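What follows is the residue order along each chain.
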Amino acid sequence: MDVLRIGILGVAGVMLALQFKSYKPEYGLYIGFAVSLMIFTLIVSGLVSLFGSMGIMEEYIGSNRAYFSILLKVIGITYICEFCSGICRDAGYASVSGQIEIFGKLSVLAAGMPILLAIIESIQEIAG
Amino acid sequence: MDVGLIFKIAAVGILITILSQVLKHSGREEHAFLISLAGLILVLTWIVPYIYDLFVMIQNLFEL
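Chains A and B, in that order, give the protein sequences.
Here our numbering is used: position 49 in the first sequence is 49, and no number is missing along the way.
Here our numbering is used: position 24 in the second sequence is 24, and no number is missing along the way.
FYI, nobody ran anything at the bench for these hints, they're computed from the structure.
Remember, it's a predicted structure, so these values are computed and weren't measured experimentally.
Where hints are given, some of them may not hold.
Simulated pairs of lysine-lysine, DSSO-like, Cα-Cα distance not exceeding 27 Å [what the hints assert, rightly or not]: (1) A:Lys105 <-> B:Lys24; (2) A:Lys21 <-> B:Lys24; (3) A:Lys105 <-> A:Lys73; (4) B:Lys8 <-> B:Lys24; (5) A:Lys24 <-> B:Lys24; (6) A:Lys105 <-> B:Lys8.
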């Protein structure tokens, strides 16, 4: 991905948003939100090829598809929660962003629970 | 999703700021508030489709 373009886009957007700090801070927030939305879209579209190659690699390993989809789900959850809590923190509402982060951690735990159970069962078979 | 979106928002922001200053100094406080509300709604109508596309893309990609 063209790192330079994303860097310049981010810096230019932040500088533009700073102009509104004194008069109308909410427009600075909108510009910051638009810039992070744009960069996030570029990231997600860059990830499509990454996950394609990871899928191919996963077939060689031969482990069933469930673990790989759980991994994808966990990454997606963290991405979205990080994005939204960052926006809330920018707006100055740290408590809301804290709630979002806590919810993200819990949903990651919930998504990863089957793997934990599978590990415990395999240990049970070996040791039990 | 191009860079023009940022400049459109910036333009709306500058315009709304000037208009609300003018309205405030001419004694019409509530009009100034309505103008900034209109600016908010305008910017939201631009941004919301992109948010929707983004989250649909994420759902498809991460199989949520």
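Going down the list of hints, with the structure as the test:
1. Distance check on the hinted pair: A:Lys105 and B:Lys24 sit about 46 Å apart at the alpha-carbon level, beyond 27 Å; violated.
2. Proximity of A:Lys21 to B:Lys24 is assessed by CA-CA distance (about 19 Å); at most 27 Å being required, the pair is judged to hold.
3. Distance restraint check for A:Lys105 and A:Lys73: the Cα-Cα separation of roughly 13 Å lies within the 27 Å cut-off, and the hinted pair is therefore satisfied.
4. With a CA separation close to 24 Å, the supplied pair B:Lys8 and B:Lys24 stays within the 27 Å bound.
5. For the proposed pair A:Lys24 and B:Lys24, the alpha carbon gap of about 14 Å is at most 27 Å, so the pair holds.
6. Restraint check: the Cα-Cα separation between A:Lys105 and B:Lys8 comes to about 36 Å, which exceeds 27 Å; the hinted pair is violated.
Against the hints set out earlier in the document, violations occur for numbers 1, 6.
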